[in-house]
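Colleague: Listed below are the residues making up each chain.
Number of protein chains: 2
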Amino acid sequence: MNASDFRRRGKEMVDYMADYLEGIEGRQVYPDVQPGYLRPLIPATAPQEPDTFEDILQDVEKIIMPGVTHWHSPYFFAYFPTASSYPAMLADMLCGAIGCIGFSWAASPACTELETVMMDWLGKMLQLPEAFLAGEAGEGGGVIQGSASEATLVALLAARTKVTRRLQAASPGLTQGAVLEKLVAYASDQAHSSVERAGLIGGVKLKAIPSDGKFAMRASALQEALERDKAAGLIPFFVVATLGTTSCCSFDNLLEVGPICHEEDIWLHVDAAYAGSAFICPEFRHLLNGVEFADSFNFNPHKWLLVNFDCSAMWVKRRTDLTGAFKLDPVYLKHSHQGSGLITDYRHWQLPLGRRFRSLKMWFVFRMYGVKGLQAYIRKHVQLSHEFEAFVLQDPRFEVCAEVTLGLVCFRLKGSDGLNEALLERINSARKIHLVPCRLRGQFVLRFAICSRKVESGHVRLAWEHIRGLAAELLAAEEGKRDGQSCII
Amino acid sequence: MNASDFRRRGKEMVDYMADYLEGIEGRQVYPDVQPGYLRPLIPATAPQEPDTFEDILQDVEKIIMPGVTHWHSPYFFAYFPTASSYPAMLADMLCGAIGCIGFSWAASPACTELETVMMDWLGKMLQLPEAFLAGEAGEGGGVIQGSASEATLVALLAARTKVTRRLQAASPGLTQGAVLEKLVAYASDQAHSSVERAGLIGGVKLKAIPSDGKFAMRASALQEALERDKAAGLIPFFVVATLGTTSCCSFDNLLEVGPICHEEDIWLHVDAAYAGSAFICPEFRHLLNGVEFADSFNFNPHKWLLVNFDCSAMWVKRRTDLTGAFKLDPVYLKHSHQGSGLITDYRHWQLPLGRRFRSLKMWFVFRMYGVKGLQAYIRKHVQLSHEFEAFVLQDPRFEVCAEVTLGLVCFRLKGSDGLNEALLERINSARKIHLVPCRLRGQFVLRFAICSRKVESGHVRLAWEHIRGLAAELLAAEEGKRDGQSCII
Ligand SMILES: Cc1ncc(COP(=O)(O)O)c(C=O)c1O
Ligand SMILES: Cc1ncc(COP(=O)(O)O)c(C=O)c1O
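Residue numbers (full-length UniProt numbering), protein chains in the order written: chain A, 1 to 489; chain B, 1 to 489.
No lab work stands behind these hints: they were computed from the structure. Quantities reported herein were computed from a predicted structural model and do not represent experimental measurements. Yeah, the Cβ is synthetic: ideal placement off N, Cα and C, and Gly gets one too. Mixed in with the good hints there might be a few duds.
Among chain A residues calculated to face chain B with C-beta under 7 Å, some are [what the hints assert, rightly or not]:
{"id": "1", "residue": "K11"}
{"id": "2", "residue": "L41"}
{"id": "3", "residue": "T45"}
{"id": "4", "residue": "K62"}
{"id": "5", "residue": "P87"}
{"id": "6", "residue": "M89"}
{"id": "7", "residue": "P129"}
{"id": "8", "residue": "S149"}
{"id": "9", "residue": "L255"}
{"id": "10", "residue": "L393"}
{"id": "11", "residue": "Q394"}
{"id": "12", "residue": "P396"}
{"id": "13", "residue": "R397"}
{"id": "14", "residue": "V400"}
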């Protein structure tokens, strides 16, 4: 395939992309396929001779699309949103053509420098404290990670290195194993599984702090755990506070937790994977209050800020905490500007070595939407979730299970877990909309997340009527079962 | 931007991409910019109102391109290649439009299933032992990681979990800290820095095994280290063998190292990040002999197999070794087919949670090139490096510093490190071609890597003549300095 073939096929692909996204509402949101469906549909080995592009594009419709869960369908209300916008797609195309691997400044200066400035732009949109911005007098700065999971792990590893050095400086004989044995990290019982995993990878204990009635981590519970562990000779070194938990979008109390971490010299990492995007709206910014106490902060523009995956934005207050944890400098990666203090080698900030030119996506999206356009987008989603909440509240058979702050509504039928499991089963089997569940205080709960860029009030209303209809059928059937049973006994 | 705007702008972008790649030879391969060049060129904050696409595309030329290192220029001979092909770009466009996040089977069945089958296709192209393939009777399978660094870390963590469980089963009182303190991982002194970093993250010791005269890890050196460490009460648990080292593309002796690891029950991970792609050619397949002893194997199609970044192919012999190391199952990620044994949830195989539909790139590239097309591509690059080698060998002022097996030539001027540093400085300052150095046995060496999809004999010859010309100037200047000096003394 040469450049002129690519011009032709690339334009066909642009049309295919636009057709797909324009017509997505007409596709069944969740596929019918069974595990193992794909293997029999394609050859067992790669072809020796080239296939044609026509064949491949046909196979996309025949083989791939029937197995796709359509995350951008306006009937997709599962998990959390994953971003999708045309400007981001355009930028990703450009990123693919440039195809540079920006692990160091020299490996592609524009790739590093645009990232630093875009992270400052975004930090300013969120009104992050200046200490986190690279263009300010402080020692902080931002970096694009691949995922919130990686950001949490990087923060934990940096904190681990820092505390280990401090302890070893104080007691020179102390081995790393002996330190690890004593280190404890903390997060609320509502924290994402990636936090537990970071603890596992880092080889440190992770303790779950019981959340309060609003699913928030509070001072008292954290303080209690810290005191108990310190009394037992353990060393608290890392706390993850979540803003917008995965199950129900609750918020840890940063204004309480922050000062404690500060006082105790514990690294505070703030994970706002989903909710962070909302903080660009002044009316939601208060949810971020207390971030001034954090050592690191992270959220995913690839969730809710129209920047396609992957783009997880992480800031630290002291760049050297990250670079000190990871720095290893083989000669083939050295370049002449290194160590000048002027430049950033992002490979020292992340787990992988290679990295794409991901800041192009931020640049295109921020410029083509403008801050106002992005704010309007967030506000619309929050508005839609309140519309759904209102529907649920109007129906006495249902209850809302957690405060609705942003774009997620947790709800359930008043009744047993079994009943709600059966409802979810009916919803997902009908294939009209797609939801996933969670557990809150042991109860089985349905999550309704506003996800698609194209979801409107009409879709939300249809979804609710559909859910209500299935609930009515289910309740009638249950009623019938009970009647039937009483006859037999 | 709506779908019809995207149709228009997307097609303009396709043309821009094609223009860029067609005209790349005319761009200066390495930029002139100084650190900090970009910030003054763009506003300090994101715009409130949208900018136009025209403005952005103009800024790409004005602001971005002057700071880009053009990795796909035929005059780029630095680092290792990073893949770039039109079929991969087309697939990535599709991947962007589908925009699914395939962390579990249910999150998008096609995304998971195509990946499993593509990893089998690729495994068969390499003639990997059946034990590594998912479609065979064994317990193995493949996964796409973001980078070789992540693959090494994942392998190390899986090995760490496995040995920890074994030791704890034998001595129930043993703490994790006590285990970590004793674990030792090994790699040759030529291994990539990502191996050292994996050890650092995993909290285990990593020991460098001295390589032999051909920069290869051999049985005797490894055996010696193992004996010494075991005698000291340490527990060897992990060995990384590198096929195609970063500095000089040397090959650890897998047929020697493999049986030792097998004998000692040590996890053997094979890192063939760059060289792996060559194993699809029968004449290079022997370099992979011994992989049957490995527990995990990894290489980067995103380096040399025309699949754009990121696509790092990793196989394991026992899927459960990975899933057992990471498995954490919150309810909102549960789905009904789970545990049926039929399906794969790739989030248990990797560090991040989210993942793009990266197997589309493999599918498009394998089908549009065909195995023969891919083999021809590899062979051409190897041929070109031998052409460069021949030039160096013909010039008595130069020497080749390591055996040329694939697409990399390590060479230097006979003389001091200072002389070679000066030569590299002249080469990179002239901006006609771009190279990076390495150190071999303490000596400063220049690396000439065949990188671009568009590099031809003519470019290699021009590059050599350019280098030779600069060397002549340099040697004359040195001569002059010495003459000058002798006059003064
Ligand atoms: C609060 C929170 N943290 C972390 C994550 C993990 O995000 P990622 O896929 O970017 O690792 C999620 C995902 O939904 C989340 O909700
Ligand atoms: C032998 C080897 N291993 C690992 C790596 C790291 O690759 P990645 O950027 O995919 O982490 C490289 C990079 O050149 C390499 O040459």
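Colleague: Are the hints correct? Go through all of them and say.
Modeller: We went through each hint and held it up to the structure:
1. The beta carbon of K11/A comes within 5 Å of a beta carbon in chain B, closer than 7 Å, and the hint placing it at the interface holds.
2. Because the smallest distance between the Cβ of L41/A and any Cβ of chain B comes to about 9 Å, over 7 Å, the interface hint for this residue is violated.
3. Annotation: interface hint on T45/A holds; nearest CB of chain B at approximately 5 Å, less than 7 Å.
4. For K62/A, the interface hint is violated, since its Cβ never comes within 7 Å of a Cβ in chain B; the closest pair sits about 11 Å apart.
5. The criterion of a C-beta within 7 Å of any C-beta in chain B is met by P87/A, whose closest approach is roughly 6 Å, and the hint holds.
6. At about 5 Å, the closest approach between the beta carbon of M89/A and any beta carbon in chain B falls short of 7 Å, and the interface hint on this residue holds.
7. The beta carbon of P129/A comes no nearer than 16 Å to any beta carbon in chain B, farther than 7 Å, and the hint placing it at the interface is violated.
8. Taking 7 Å as the C-beta cut-off, the interface hint given for S149/A holds, the closest approach to chain B being about 5 Å.
9. With 7 Å as the threshold, the beta carbon of L255/A stays out of range of chain B, its nearest partner Cβ sitting at about 27 Å, so the hint is violated.
10. Taking 7 Å as the C-beta cut-off, the interface hint given for L393/A is violated, the closest approach to chain B being about 23 Å.
11. Interface restraint check for Q394/A: the shortest CB-CB distance to chain B comes to about 26 Å, outside 7 Å, so the restraint is violated.
12. The beta carbon of P396/A comes no nearer than 26 Å to any beta carbon in chain B, farther than 7 Å, and the hint placing it at the interface is violated.
13. The beta carbon of R397/A is not positioned within 7 Å of any beta carbon in chain B (closest approach about 23 Å), and the interface hint is therefore violated.
14. At about 17 Å, the closest approach between the beta carbon of V400/A and any beta carbon in chain B exceeds 7 Å, and the interface hint on this residue is violated.
Taken one by one, the earlier hints fail for this structure at numbers 2, 4, 7, 9, 10, 11, 12, 13 and 14, listed in ascending order.
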